[in-house]
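K.L.:
Please arrange chain B on chain A, whose structure you already have, making use of the hints.
Each chain is listed here by its residues.
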Amino acid sequence: MAVYELIYPSVLDSEEPMLENLQVLLYEHGVCDRDTRDFMLAVSEAFTNALLHGNRCRPNKEIKVLININHKVLCADVIDQGRGGEDKVKQKRPSSLLSEGGRGVDLMRYCATDVRFVEDEKGGLKVSIRLERQDDN
Amino acid sequence: MDMSMRERDGVAIVDLDGRLDLSSGTALKERVKSLFDQEKTSIHLNLSRVEFINSSGLGSMVSIMKETRLHKGRLTLSDLASYVQEIFDITQLTNIFEIFPTEKEALNSYHPVVTN
Chain A
1 MAVYELIYPS
11 VLDSEEPMLE
21 NLQVLLYEHG
31 VCDRDTRDFM
41 LAVSEAFTNA
51 LLHGNRCRPN
61 KEIKVLININ
71 HKVLCADVID
81 QGRGGEDKVK
91 QKRPSSLLSE
101 GGRGVDLMRY
111 CATDVRFVED
121 EKGGLKVSIR
131 LERQDDN
Chain B
1 MDMSMRERDG
11 VAIVDLDGRL
21 DLSSGTALKE
31 RVKSLFDQEK
41 TSIHLNLSRV
51 EFINSSGLGS
61 MVSIMKETRL
71 HKGRLTLSDL
81 ASYVQEIFDI
91 TQLTNIFEIF
101 PTEKEALNSY
111 HPVVTN
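If you're matching them up, the sequences are chains A and B in order. Everything in the first sequence is counted per my numbering, starting at 1 for the first residue and increasing by one. Everything in the second sequence is counted per my numbering, starting at 1 for the first residue and increasing by one.
In isolation and in its complexed conformation, chain A is listed as follows (with noise of 0.2 Å):
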């Protein structure tokens, strides 16, 4: 089992380092393609709700994302120093097709084997992404 602690301004730049962080992380480990593709996609769409509606895109606000990864599941934290905000993101809907935001929860479940969102303990939200791997390695 392998821990890591990635921390990041609340910044649009801080998006590409990362998902380059963790494709290398997930490389590293030798997850497969499918499986890594999955992981980045869930963590992105959690990393950016942390970003645009946690953290508000303050600089001076962190969002922390903890990674685990051992050779059955692979596990991500995503937490961001807003105010909760649990009930709003399970609920969001895109209103149409047309709509340009609010397909990022659907596409995380779609991506994970399980995904919860509760309220971190210094009040910020924390959502909790897990994976079970295809591979077996």
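Keep in mind that the hints were calculated from the coordinates and are not lab data. There may be inaccurate statements among the hints.
[To be verified] Sample of chain A residues at the chain B side, in silico, Cβ under 8 Å: (1) Asp-13; (2) Asp-35; (3) Arg-37; (4) Leu-41; (5) Ser-44; (6) Glu-45; (7) Thr-48; (8) Leu-97; (9) Leu-98; (10) Gly-101; (11) Arg-103; (12) Leu-107; (13) Tyr-110; (14) Asp-114.
[Stated by the list, open to error] EDC-like mimics (lysine to aspartate or glutamate), calculated; alpha carbons at most 20 Å apart, straight line: (15) A:Lys-122 to A:Glu-62; (16) B:Lys-29 to A:Glu-100; (17) B:Lys-29 to B:Glu-67; (18) B:Lys-29 to A:Asp-13; (19) B:Lys-29 to A:Glu-16.
[To be verified] Stretch-level coverage of chain B by chain A, calculated; a stretch enters the list once three of its residues show a Cβ under 8 Å from a Cβ in chain A: (20) 12-22; (21) 62-76; (22) 91-98; (23) 101-112.
Just so you know, these numbers come straight off a predicted model, no measurement behind them. Where is the CB? At the ideal position from N, CA and C, for every residue including glycine.
P.N.:
Okay, now just chain B, sitting in the frame of chain A:
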């Protein structure tokens, strides 16, 4: 994500390379806006080198599609990787985008050949 542009038979083609996410989606919108400013309203996006797309990237695509319609233009996509196609499928966005297997087929659709 890297972007390059070319033109063929009056269609502006944007080649995308990398991840289509929040920041690159914003950059793509700006690039397409510059095409509208040049009165280019037939736009084709070649996604053959797009390895990743998230909901922000999809949102940018929807925004571009709506802008194209406002300009009375046309937007086509081609060469989606199987995973990217899957994301379009499960979000049902295949219902609002014109997606072609290849760029050639997409460009042919702009200039249909009439045979007697």
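K.L.:
Each hint needs a verdict: does it hold in this structure or not?
P.N.:
These are the hints, each one checked on the structure:
no. : hint                  : verdict
1   : Asp-13                : 7 Å, holds
2   : Asp-35                : 12 Å, violated
3   : Arg-37                : 5 Å, holds
4   : Leu-41                : 6 Å, holds
5   : Ser-44                : 5 Å, holds
6   : Glu-45                : 6 Å, holds
7   : Thr-48                : 6 Å, holds
8   : Leu-97                : 5 Å, holds
9   : Leu-98                : 6 Å, holds
10  : Gly-101               : 5 Å, holds
11  : Arg-103               : 4 Å, holds
12  : Leu-107               : 5 Å, holds
13  : Tyr-110               : 6 Å, holds
14  : Asp-114               : 18 Å, violated
15  : A:Lys-122 to A:Glu-62 : 12 Å, holds
16  : B:Lys-29 to A:Glu-100 : 12 Å, holds
17  : B:Lys-29 to B:Glu-67  : 9 Å, holds
18  : B:Lys-29 to A:Asp-13  : 17 Å, holds
19  : B:Lys-29 to A:Glu-16  : 18 Å, holds
20  : 12-22                 : holds (count 3)
21  : 62-76                 : holds (count 3)
22  : 91-98                 : holds (count 5)
23  : 101-112               : violated (count 0)
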